[in-house]
Each structure stands twice: as C-alpha cells, then as structure tokens.
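Participant: So the chains spell out like this:
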Amino acid sequence: MVSINLYLALAAILFCIGLYGVLTRRHLVIVLASVELMLNAVNINLVAFSSIGPVVNITGQVFTLFVISVAAAEVAVGLAILIALYRNKGSIDVIKHDLLRW
Amino acid sequence: MIQNAWLIPVFPLIAFIILLFVGRFLKEKASYVGITALALSFILSVLVLFERIGGETSTYVIDWITFGSSTITMGYEVTPLNAMMLIVVTVVSLLVHVFSKEYMHEDDRIHVFYSYLGLFSFSMLGLVLSPNILQLFIFWELVGLCSFLLVGFWYFKPEAAAAAKKAFLTTRIGDVGLLIGLVLLFNATGSFEYGAIFSAVEAGLVNDTMITVIAICIFLGAVGKSAQFPLHVWLPDAMEGPTPVSALIHAATMVAAGVYLVGVMYPLFLASSTAMTVVAYTGAITAIFAATIALVNTDIKRILAYSTISQLGFMMLALGTGGYVAGLFHLMTHAFFKALLFLGAGSVIYAVHHRQDIREMGGLWSRMKVTSITFLIGALAIAGIPPLAGFWSKEGVLAAAWEGGDIFLFTIAVITAFMTAFYMFRLFFTAFTGKFRGDHEPHENKKLMTVPLSVLAFLAIVAGLINTPFGLGLENFLLQDVNVGYQAHGELWLAVLSIAIAVGGIALAWAMYYKGAIAKDTFTSKFPGVHKLLLNKYYMDELYAKVFVQPTVAIGRFFWELDRNIVDGIVNFVGATTRITGRSFAKRHDGQLQTYGLVSIIGGLVVVAIAFVIRGYFG
Amino acid sequence: MNTQMIFFLVFAIIAIACAVLVMKLSRISHRVVAMAFSFFAVAGLYFLLGAEFIGIIQIIVYAGAVTILFIFGMMMTEHRNVTFGSHPRKAHRVLSFLGVGTLLGVLLYGILNMDLATKEPTIYEKGTAHEIGLELYGNYVVPLIGMGFLLTAALIGAIVIARKEAK
Amino acid sequence: MIPNLLTLLIFLPLVGALFILVTPKEYTNAIRSLAIGTSSVALILSLVIWGQFDRSISEMQFLHSVPWFDFNIVQINYSVGIDGLSMPLLVLTTIVTTLALFASLTITSRVKEFYIWSLLLLTGMLGVFVSLDMFLFFLFFELTLIPMFFIIGIWGGKEKYYAAFKFLVYTGLGSAIMFITFIVIFYLGAQASNFYYLTFNMLDLAYIFANPDNPEVLTSGVRAAVFLSLFVAFAIKLPVFPFHTWLPNAHVEAPTAASMILAGVLLKMGGYGLIRIGVGILPDQAARFAMLIAILGVINIVYGALLALVQTDLKRLVAFSSISHMGIVLLGIASFTASGMQGAIFQLVSHGFISALLFFMVGAIYERTKTRTISELGGLSKSVPILAGFMLAAAMASVGLPGLSGFVSELLAFIGIFGADASILPGAKVLGVIAGLGIILTAAYLLWAMQRTTFGQLDEKYKGLSDARPLEYIPMIGLLAFSILIGVYPNILSDVINITVIDILSKIGG
Amino acid sequence: MYSAFNADWSLMTPEIVLAALALVIFTLDFMTGIKGKKPFLGRLSIITLIITAVLVFLTNRTGGSIADVFVVDPFSMVFKLIILFSVIIVIAISLYYLDKHEDIYQGEFYSLLLFATLGAMLMVSSADLITLFIGLELLSISSYCLAGFKKHNRKSTESAIKYIVLGGTASAFILYGMSFLYGLTGSTSLVVIGQNINTLFVDFPVIISVSFLFMLVGFGFKISIVPFHMWAPDVYEGSPTPVTAFLTAVSKIAGFALVLRLFYVGIFGFGERGSLLPDSLYHEFFIVLAIIAALTMIIGNLIALTQQNVKRLMAYSGIAQAGYLFVPIAATLAPYFSMTIIAFYSIAYVVMVLGAFAIITLVTEDTGREDFSSFSGLYKRSPFMAIAMTVFLVSLAGLPLTAGFVGKAWIFFGAVTADMTWLAVIMIVTSVISFYYYFGIMKQMFMRDPNPNDADLKVPVGITVAVSITLGITIILGVMPNLIVDNFSHFNWMYMLTR
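Residue numbers (our numbering), protein chains in the order written: chain A, 1 to 102; chain B, 1 to 619; chain C, 1 to 167; chain D, 1 to 510; chain E, 1 to 499.
Mixed in with the good hints, there may be bad ones.
[Unchecked claim] Derived CB-CB ranges, DEER-like:
(1) D:Ser466 x E:Val461: 48 to 58 Å
(2) E:Asp449 x D:Leu471: 21 to 31 Å
(3) D:Ser466 x B:Asp481: 53 to 63 Å
[Unchecked claim] Within a straight-line C-alpha distance of at most 20 Å, the following computed DMTMM-like cross-link-like pairs (lysine to aspartate or glutamate) qualify:
(4) D:Lys382 x B:Asp107
(5) C:Lys164 x E:Glu284
(6) D:Lys463 x D:Glu367
(7) E:Lys35 x C:Glu52
(8) B:Lys157 x D:Asp459
(9) B:Lys446 x B:Asp107
(10) D:Lys382 x B:Glu28
In short, the hints are calculated from the structure, not lab data. These numbers come from a predicted model, not from an experiment. All residues carry an ideal CB built from backbone N, CA and C; glycine is no exception.
Let's have the full structure, built from the sequences with the hints guiding it.
Facilitator: The following block contains the structure:
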C-alpha cells in the first residue's frame, strides 16, 4: 500500500524539475521535453487521484488520456516550429532568439 | 437749470467721443470742438452756481449694482462745495483749452490732445458732481488715466513714457488704499452715500479705531493724488507732459482732488483726532519739504511743480488743523494763480523754443510784456501780497494752523510761506530780469495765449475777495449744510506777519538775484552738503528704486526661477520618472523566453507573498 | 515495506533520476533516451496504480511516438554533440533555482500535510479500458470530438510550418 | 412644440460642424462663413435665452431632462438647465467663441479642421455650463479636451507638441480626479439616502448631502476628502497656484483664437465647477476650507503678478496675468458673502472678455511684427495707433480701471473679503490688504509692458506696419464694448446673478 | 448515468455547423492547389461565421446543457457572438493581408482560424474542466501555428516558439491546478467542484490555494495579465498582423469568458440571484486578483509609453486593457454585475481594438514600416482612416462618447461600489497616462506631414467595411449604450450553474 501523498510528491518533484528545465536549459528540444515532463507530472496526479484518491472514479484516467494526446499534439507542433526556426536562424539555442525585445 | 447739472460733464464727454472718431479728419479744428464744449459747461456751471447760491439743489440717482440685499447707486448732486469746484474746473479747463490751441498747433496729434482734454474735463467734473464716494472713486481713477495719457502724450520721449507710468503707479498705490478705505467704510456703514455715511458715523455705529483706519486709508488716496509726502515723487516728473496739461491737471484741478476728497469726507476726519493729526503733519512736512527742493531747482516747470506740492501741503495742513474753509478757499485761489503761473511758464517756454532751464532765460521782461506782468501777478499772489488772492487764503491757512494750537505746525507754515516768496521771486528775477542768456531771441506770443493769462491774472487778483475778514461770502456759502466745527479767522498781527514774511522773502530774492547784493552762492558754499541733498530731491527716487522697485523685481525673478525649476520642474520630473520607469520595465523584455518564464514565476510568488502579507497570513 | 512500495520507490527513483539526467547530460541524444526511460518509469507507476490502459497508452504515445518525434527534431537540427552549457546569466540560474525551489517547497508542504486515506489501487473487473470507453463516449464525447479537431489543427499546422519549400 | 432652447443651443454647433464636415475643404470661405454663422446663431440663441431668463426665481430654468441610459442600477440622465450662475457664462461662451472665430480668419492652413474642432469645442463648453447631471458634466468637460489638444498641436507655435501634451495629460488628470470624486459622491449619496437616490443629478445630491437619511456615512472626514479632491480637480483647470504650470505653455503656444477661448472660457469651467458642484454640494466643507481657498487665491494674485512682472514674452505675461486674475475668483468665493460670490462670477465673465481681448491684441501685434519679445517692440503707437490704443484699453481693463468690467469684480470681491464672516474666514482683512498689493503689481507689470511696447521709440523695421484691418475691429470693439457695458452698468449682470447667489449662500450653515 | 446518450444535441448546432464548414473549406483548399491566392476561401469563411453567428443567436437563447459538460446560456451566447464577430473582422483584415503575402498558405490559414474559433466557442460554453481544457488547447495550438505562419520570417517563427514553449508551460500549470480540483472533488464538473470547494478549503487550504494560484498563472498567461504577460509583446510583434488582431481580440476575450466561468461557477460560486455567497472563496483570494489587476494596469501603460513599434504598442495597450477587464473580477460586488460589465467592455474592447488593427494592418503593410512614423500624415493620405483611428484611440483611452468610455466608466463604477476605490484610482490614473501614447499616434496622423515616398493610401473594400462597422459600433455604443446595456442588465447569465 502506497500513500497517495507519495505519488503526489513525486509528481510535484517531476513538475518542478520540468519547470526548472524550461527555465534554464538552452537546447530548445530539451525545453520542449521539460514541458512534457511537467505534463507527465500532471498525469501522475490524475491517475493517482482516480485510482486511490479520496473519491475514486475513472474520470481522472479519461482526463489523462486527453492530456496525453494534447501533449503529443503540442510536441508535434512545437517540433515543427522548431524546425522552421532552425531553417531560418540556423540555431536552436534559446539564448540566440531575441530578435523581438523591448 | 440746476436739474440739468448732469449736462456739465456730458459736454466734454461728447467732445471726447466726437474727437475719438472723427478727430483724425479734423486735425487743427479739433480745438474748436473742445473749446465749445467747455464753454457750454462753463456757462452751465455758472448758472448752476447762482441757482445754488439761490438755495436750490438737485439730486438724482439710479441703481448701479445689486448684491445680496444691498444696492449701490450712481447719479449726481449739487452741493455748495462742488458748485464752487465746478466753476474752478470749468474756468481753468476752458482757458487751458484756449491756450493750447496756439501752444499745440504744431503737433500733428493735436486732435488726440483735445480728446484727452475732453475726457479729463468730463472725469474731473464727474468727480466733482458725485453724490457718493464710490462714484467719486470711479472718476478719480479716470482722471488718473487722463493724467497718464496726457503726461505720456509725447510717448516717443522715453522720459515722458517713464513719467506717465510713474505717475499712474504712484497714485495707484494711494488709490488701492482709498479703495480699501471705501470697502471698509461700506462694510461698516452699509452705504457709499455721503449722507448715510456721516449719519452712521455720528450715530456711533462705527468704532473709533475703525474710523481712524478708514480715514487714514482714504487719506492715503489723497496723498497719492495730491502728491503729498511720501508719494509726491510723480508730480515733478509729470512735468514731461505739455505745459497746458501741467497747468490744468497738475496744478489746478486733479492734484487738488485729494484736498477735495478730504474736504468731502471732512466729518469723517473730524471724528478721529488721530486722522486729523496725520493729515496736518503730512501737509506740513510736504509743504516745507517741497519748498526746500524748490529753492535750488532751476527747471522753471519743476520749480512750479514743487511749489504746487508745497501749496497742496498747505491745504492739507489747513484741513488737518480744522481749517475747512481755509483749505478749500486756498484750493480755489491756488487753482487760479498756479494755473496762471504754469500758463505763463508755458508761454515763456514756447517763446524760447522749449527750453525750461531758468539759467538760459533772463531779460524776458522787456521782450514779453503781457506774460511777464501776468507772471509777476501770479508770483505776488502766491507769495501772499495783499490784496491778491493768495494773501487772503494763505492767511486763513496760517490762522487755522495757529488755532490748531500746534506751534510746530505753525512755525513750519510760516517758514514755508517765507521760502515760497523767496523761490518764486528767485525764479522771477532769474528768468525775467537781467540780460537774456538763451540763443533764440524770444518775443511775445499771440493773443490766444496772452488772453487766458490776462483772465487768470484778473482772477488771481479778485478771487481772494470773496472770502475776506470783511466779508465771509464763501465761508457762509460752504458751511450751509455741513457741520465742520469752528472756523478760525486770523487777527491783525497774523496778517502783518504774513505780509512781513512775504516781503522778506521777496526782498531776499531781490537782493540775491536782481541786485546781486548778496552772492548767489552764499548759502550753497556754506552748506554744500545740504545743497547737494536738495538738488537731488533728498534722493527720494533713488531710495524708492532701491527699497521697492528693485526688491520686487528681484522677488519676481526668484519666483520665476522657482516656478520653472521647482513647480513646473516637479511636473516634468513626474512625467520623466514615469517614462523612465516604463523604460526600465521595458528593458526586462530582453527577448529571452526563459526570462519571461522566470519573471512569471517570481512575479507570481511575489504577488502571492504581498497578498498574504496584506491579508495577514503567516501568523 | 511491501512490494508495492518497493516498486513505487524503484519507479519513482528511475523517473526522477532520468528527469535529472535529461537536464544534466551533455549529449542531446543521451538526454532524449533518458527522457524515454523517465516515461517508461511513469508508465510503470500507472500499472502500479491499476491503470493498465493508461500505462499502455503512455508507453505507446510517450515512450514511443513522442520520443521518436524528439529524435526527429533532434536529427533535423543540431545533433552533432552540440553542447550549449548552462544559461549565461548566473542571476538567472540562481533565481530560477530559488523560484522553483520555493514552489516545490510550498507544494510538498501542502501535499505532505494532506491526510488522505491510504487505499488499495482500484481494480475494475472489466478492465479500465471498458470503463474509460463508457465514460469517454458517455460523458466526454464533446471534448473527444474537440480533441479530434485539435489533432487535425495540430496536423495541419505542423505540416504547413515544417514543410520544406521547393525553391 | 418648440424644442428646449438649451438643447438646441448645445447641439447647434455640432450640426454646424457636420455641415462643415461635408463641405469640400477647398471652399474655405464657405467653411468660414458656415462656422461663424453657426456660432453667431448660437450667440443670438443665447441672447434670446438671456432675454427670456426669469431674474426673479432662483430655481433652474429651461429644464430639459430625458433618461439617457442606465448602468443596471444607476440612471444616467441627459438633464440640462440654467440659473443665474450659468446664464452669464453661457452668453460669455457664445460671445467669446464667435469673436474668436472672427479673430481666427487669419488661419489659412487646414481651415476646415480648425473650424470643426472649434465648433466641437463650443458644444463642449456650452454643455459644461448647462448640464445638471454630473456624468453629463464630466462628459462635456472631457469633450473640450480633445479639440483643444488638436488646435494647439496643429496650429500652435514652436513648442506646440510639448504644450499640447502637457495640456492634455495635466488637465486630463484633473478631470480624472473629478470623475473619481463624482462617482464617490454618487455612491455616498446612494448610501446616505439608503439607496433611494441613485442619481448623478447635482441638485438631488446637494439635497441629500444637506440632509442625509443616515448621516453616519457622511462623516466630516469623508466630506472633507470629497471636497478637497473636487477642489484639486477644478483647481487644475482654473488654474490655482501649484497646478498652474500647464497654462503658460498652452497659452503661449496656442494660436490666437485658441488662446482667446482658452483664457476666455475654458478656465471659467474650473471656477464654475467649483461654485456649482464644490460649493453647491458641499457648502459646509467649502466654508470649512474657506481659509485655504482664500490663501490660495491671494497666492495666485500675488504670485501670478510677480511672475508676470519679469516676463520677457508678451503673451506669457498675459498668461500669467490670467493666473493672477483667477485669484480674485477664489478670493470672492472664499469670502462667502453675496458680494464676494458675485465678484467671483463677475470676474469670471469680465476676465473672459478682457483676457480674450488682450490675447487678441498680442496676436494681432505678433502677426505684424513677428515677435512677442517685449524688448524688441516699442513705439507701436506711432505705426499702429489703433491697435496700440485697443492694447492700452485692454491693459487698463485688466488693471481694473473703473468704467471697465474688471473694476466691478475687484470691487465686489474686495467688499466681500473685507466683509467676510470672521467665523468662516478669520483674518480676512489681512488677506484683502495683500491682495490689494497684488492689484498694485498688476498695474505695475501691465503699464511696464505698455511702456515698453506701445510707448517709446519706434524700431525702424516696424515703420511700415499696417494698422487694424476692418475684420479685426469686430473682435476688438466687440470685446471692449462688453467690458465697458458691464463696467458702466453692472446691474445688467447682477440682477441675473443675485438671486442665485443668495440661494447658494443660504445653503451655508451661517 | 451516461447523460450524453440522451442529450439534446441540437444545442450544439452552431459548433457542429462551424466544424463541418471548416472541414469543407479545408478540403476545398486541397482541391485548389497547394499555394496561390485563395480569397474566396476567406469569403466562404466569413459566410460560415455569419451562419454560425445566426445559429448561435437562435439556439443559445434557450438555455440547456449536454451532459453538464457543454452548457448554453446567455453568457455563452453573448461571448460566442463577440468571438464570431471578431473573427469575421479578422478575416476581413486577412483578406487584405494575405493578398500582400504570397508565402502564407491561405487555405490552411483560414481553416486554422476557423478551428481556433471552434475552440474558443467550446471554451465559452464549457462547464467542465476537460471540455474547457480541450477548447483552450484547440484555440492555443491553432494560435501557435498561426503565429508562426510566416515561416520564412525570423520574427514570426521566433514568436511562435516563444508562444508555444511558454504556452505549453502555462497549460501544464493549468492542468496541474485542475488535477487537484478533480482529485479532491472526484469530478471535473465545475458545478460539483463549486459545491464542495468551500469544505475542501477548510480541510486543505494550502492545496486549494495552490491549485487556484496555478490555474491563475495559466489563465493569466492566456489573457496576458502581469506578471504573466511577458510573451505577449514579442508574439504580437512577430506574428502576422491579422493573427495579432486575432490574439488581441479572440484569445483574450475567450480567455476572460473562461476565467469568469471557472471562477464564478467553480471556485467563488454564486447564488440564485447571481449574487456573491457570503462564504465565497472570493473573500480569500480577491486581494491577489486586485494586486494583479493593479500591476497589469500600471505596467502595461507604463511600458506602452516607451514603445515605438505600433504592433508592440498595441500589445502593451492590450495588456493594460486586460487589466481594466480584470478589475471587475477583482472587485466583485455581485458576479452577475461583474459579468455584465465585462461582457459590455469586451464588446467595446473588441470593436475598438479590431478597428485599430484593421487600420494598423493597412498602414504598416502600405508603408512597410511598423514604427510610429508609418502613421505620419495619415490624415493627409486618407482622412477617413485617420478619423476612424482617432475614434478608436480615443475609445481605447476612454474618453467620452465612445464605447470605451462607457465601458470604463462602468468598470469604474463597479470598483467604487465594491468599496475598492483605490483600484479605481489606479485605473483612472493609468488611463490618463495612456492618453500620452494614444494621442502620440494621433500626433503622427494629424500633426506630421506624410513621408514623401508614401503615396496616397489605396483602401481595399474589406478594410473599409471592417473599419466602418467597428467605427459605427464604437460610436453608437458610446452615444446610446442603453441599446445593449438594457438587455444585459436583465440577462440571467448562467442560470444553469447557480449553486
């Protein structure tokens, strides 16, 4: 038996790692990956709640399903944009993209 | 006829309006308009005077303004005093109008000159006819305006422009005092009408200190207008104006308005001994002060100007010491002989091509008979030689001063009388006797100028006779319906004394400037310091410049800096800060998406933190 | 210390460790692989929670499709062991760390202070797929359709943007 | 049924503006005559109203009120009406604007826009003076902002942008504060009447504030705060000492006509608002802060005069003289006597004419000599005697010479301040005396300016200047004539104002 | 138990029709070659949207719901109409814009716009976390793509990447917040959540607060309020101008509708009469909202002061406007009141902003510059456009006789009556600051001469129509607001969801 708090804690940690990644990594692919990590954390939350939460029902897993597919779609679009960006600028270093500022 | 007294000021007004619009086409002929108008006014005022002596009177008022429950009215009324004044003003004005026709005929703006004269006559007559002190004040200001315009008539002369401004400003100072006095008076008595005011004062509705304050404020106005010390500085400079103007405004009528004001408000002054004292002392100081300056001045017009100041001081002195009739009587006689003197001076100046320094004249006696004789009459009159007008009135003044009981005032009066005689004849001997020291050979002027002189000379001789110890015509007339207390009358010794000092003064002048028995520089060499002081008019102008003008301008400059740098500076600073803050915020948008994320996180945390602190979480 | 707990710990540690590796490794390819492993571990957790359907989806979509996508993305951009190093501005790194740290702190504080009953993972006799299906088409059909359009939109957009123009 | 005259009057200029809008901009003369025609009709209309105005009652007249829209609980009405306070200002507005439009015939660039903006401005100003609904009041108040911004910004002088934006933002801030206060007043009124009165109507609010159903919401502190913010809002427009700095820039940069309207009418909206709303709704607070108002008034008089004394630019000098003269208004209001209050209103009107005339003269001279620097002018009486004469007349009016309107207002204000109730205004007499010094300074700077510009030696390069053109006589004579009319027979004004003033004063505790 | 099977699907007619026609248009695009100008698609889309709008008007008045996930009520109707109107205008703008830009895939552009619209509509009428999330994502993902549609333009792609990375993160935040709400209530239905949240807050204050704040971060990002606004200027500047218009108008308004729905139904809750419940969590959170609103107004306006690029300026002005829109939420007297105000101001905001953008597109495309100078002498080049722009700017600045003024006054009024005068003060002061930059543009238009190489402005029909319509509405609403206000005041906004 595992207390749900642990799952939630794990999720929280993953979420924060992902967030940290978004904020500090310079490789755009990794930044997108970090976003995925955050979404994963969300999924863990949802599934955990749906399975061993205070109110048990399947809805959470349905929700998870949606989140996963949305995440996939986002990754697809994100990478597409990434590629276009690379074609234009020849770099996927986050730091280098500051044409728009002030 | 007296019901139409209001027409008296209207004629000159009409003249003014006509000249204002069509004057530029009339040019020279403008003078006829002015002269006709004044002639009509003169006839009318003579009629009015006789009817007034006959005991008739007339008053008419209309509502002027209403506020709250109180209403101010405007109109006219005829009293003995202003009946007399009407004559004085119209006579002198008329003569000046005539005189100017010749004197100004070279000037191409003569029509403007006559329109101004018309406006002035209108204002002065309106002032005289006023039934309440507010209306008096209104016309009081208008005559001030006219004086400003006429002094600055030759505006292209910088001195003239400056003199005009100085005249207006200096009198303005007094006027504000007067205005405040009026307002206080109104708030105290609830009316501007003379009658209502005096009855309220007698009924004791106004407490004594207030009366004193009001009286002094009003007197301040008189000080400004009548060029009393310390506001006398404008009058000598005002001589920059055309000489007829000096004769009319700055000798006979306007400057006398101050005295007239005090006369009109006399019951109020009587109600406050302090005020009376102030009046008396101001008068006395002014009298001797101006006389001393006149002793050494060499500009014919300025000598006369100082003499005017001194004489006005005399009148004030008389009024201040209870000599109501004496003061006003002297006002009248002075109007005639001082106008005479000024016009005479004008005639002289005209003859010597606008030179005014008496040292460049001399020997005019043989060259300009009429002018010289009339001028001599005027001089004798002012010196107080019987039976000329000056003698009677001046003697009244001395009597009042003596009766006032203040020996100091009396002494001053006597000394001044002596000086008057001296400087007048210093002027006369220097300018009219001896040999001519100028370059253009002068000769007698046309009739247009000499006739007015003669008329005035005649008046200067006879005017005194209406109020002699042998027959107090004027006194009875004036005292008909005002209660101004006991009027002093000089005894014989006083008459003898005044004659003596007059003769003494003349003799001294004769000895110094005609006979040369006493060297001219006897005194100057003895007291060079005093002489210098007098020459520089006690450095009054310099003093005022240092004490009032320059500090004010300095303060203005300071405030201007303050306004630009501090008051407006703050405004601009706020604006600038806003933009700078905006800029600094904008700099955070450095194009780094990670910065954006970070800002969101930190910002969010901060907001929450603030919120929690405000809402008092965390304990 | 039961089996569940052990498994949980194993998966959890793998997930976190791999997540950290994703951040820390230098070679981009290694990082992507680490990410894949982290996904696997999460899938494991799902099984542990009795959500087998989601677990499988997780493996198919994340560990499969998404990872492949990432690899593509990697291949089509700079993949020859480019290493950018960490963010140039130190203040940025520190602040990010602090910020995220605080966030984590608050979260953990909140989470660990929740007292929720500890229960066995729910097991549906017909399997979660059946339940999910019913729920999905019974209540959430509207978002499902919306999902469809979302994917279409993403598809179109991705194609349009990534398409290489024939010059 | 004939429409309400006021409504007609307000929207007439708008119609005129529309006509101009559809006129092709090549037909400048048509446009000019359209604009001047419109404003002249407005002038006539206002005079008709003046004629029909019943001088014997203190109630609002020519009332016209229709519901406009409602924010689901508060009803906003279009309600207009006039009493003795707004009547003179209404006429002033139409007169000054009409004459200013005559004066603006010299404008040759982008004529069409100019007249459209001016007519919009006219609508705004008229609206301010007649609206009884605070929301409407604010609306018109703001409406005057935009046209003036454009007029200054397009036809202005060298630093027009700075001036325009300063005017916009500064006075915009003022009206912003005003708006806040209005809504607060509304809310307080609602609370005070237990949500019976949900209205922006000034009269109703005045009534509620006078006798609230539950007084505890209207604590003295709240009242004070409301009044002070109102005061600040209007002080910016008037302008009062610390908030005056927008005025010199705006006046100096604005084209002649705009300066005339700005000084002639726009400033008056501040004074009007202060009396109508500040004193009207919170008389007790007005009385309570009388001292503050009076002191600020005196500061305005003296400070403005001192600054005018050291100006080198003729137009800026006139601008500062405006500031100085607005002090009289404050002084009059602060005295809380019938005469003082009337003095304030008289001053609003007379300064409207006089300052407009002054600005016109400065403009006319600038147009000829191309300079406003006093030291560069001089002896103008020789080359342009008529202009110089009117200049002198204007200056004298501004000095407060009897027979011209300025004197009457000063006299009334002084009677007021010296007669002020010591309980309301302790030490009023001292203030009065200082103000008197200010009057002397006024004479000083104006005469100084006259001496330096119209008197003295004429500069060679100004020899051949052309004197006043026929069309220039219209504004000159018009403005001077009204000034003289009021100066010679003030009753024409006072019998309109008096009852209203008495009514206002009756609200004050005393 | 499974309510969707026997639900009244007619309620979804507008969405269904829109979806179908969007697909039709998409397929038409396939049939007409890959590239090339396809203005007819634009016109088709406009027709589609008009049809949808009509249907919305017909169906949504009679309220109802599908399985409690898709509700239809006056609220949804009003906001859907706003959205559809905005998109119509945006497409009208695009017709001109795309005509100038060969490199953009036109068919895809329009169909993506339509999908985004669909998402927005879904957002507006969803009463369920999942639906709401899907709608949001549908909108967002389409917007990501649209932002990057000028794929050979560095700025465009850069803005797209920034948008998607930050947007993805924001979604993650939202989801994370939602996950707790779901977990603790066991339901994704806003109503259920609303019923239980108070008790839950007593039990788990920290977690509930956290989930609320996380969602706030996420939605705050979508509606670009400080401090989650940083992306907006860059994205707005980089994206194709019509897309910028779309983001400013549609995304923001849809986001606000969503926030209203979520907050007032899910978290704060309100009673039968649409008034705030005494135990509402609003009293716990309003201060956060107030601070955010204040910050948004201040910072948005301050930074806008310093901008030179028009699109970027509009971004900041949009942020400031979002701040104004946020005030009624922060200062809630009664939810229905706030909804009314926001609904009205949304209309005002949409018309004035879209009108402005129509002109901005025209001018920037015509001169090829995006800085202020592109506007110089506009009055001389095209008086109508200049005047219209003036009206829009005046309305944005909140000066009288424009829709913006009425809306702002009303917000103001609400803030004061909710005893939040300080917020009102900040609002009005900042809007005075905003005079400066709005009138700065006017200065360019009226007081400067045109750039010599800018010829006379040729105004296409589409733009003219768009501008005229928005202009008309801006003024009409300014002069006769009661046309709309009266109805709004009596709307029973979300009667299905009262708690």
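Participant: Each hint should be assessed against the structure and marked as holding or not.
Facilitator: Results for each hint:
1. At about 53 Å, the beta-carbon gap between Ser466 (chain D) and Val461 (chain E) stays in the expected band of 48 to 58 Å.
2. The hinted range of 21 to 31 Å is satisfied by Asp449 (chain E) and Leu471 (chain D), whose Cβ atoms lie roughly 30 Å apart.
3. For the pair Ser466 (chain D) and Asp481 (chain B), the supplied restraint of 53 to 63 Å holds, since their beta-carbon distance comes to about 59 Å.
4. Note on Lys382 (chain D) and Asp107 (chain B): the hinted pairing holds, with a Cα-Cα distance of about 14 Å set against a maximum of 20 Å.
5. Our distance criterion of 20 Å between C-alpha atoms is broken by Lys164 (chain C) and Glu284 (chain E), whose separation comes to about 53 Å.
6. Distance hint between Lys463 (chain D) and Glu367 (chain D) is fulfilled; the C-alpha atoms sit about 15 Å from each other, no more than 20 Å.
7. Distance check on the hinted pair: Lys35 (chain E) and Glu52 (chain C) sit about 46 Å apart at the alpha-carbon level, beyond 20 Å; violated.
8. Between Lys157 (chain B) and Asp459 (chain D) the alpha-carbon distance is near 13 Å, which keeps this suggested pair within the 20 Å criterion.
9. Between Lys446 (chain B) and Asp107 (chain B), the direct Cα distance comes to roughly 17 Å. Compliance with the 20 Å bound is thereby established for this hinted pair.
10. For the suggested pair Lys382 (chain D) and Glu28 (chain B), the alpha carbons sit about 19 Å apart, so the restraint of at most 20 Å is met.
Checked against the numbered hints above, the structure violates hints 5, 7; every other hint is satisfied.
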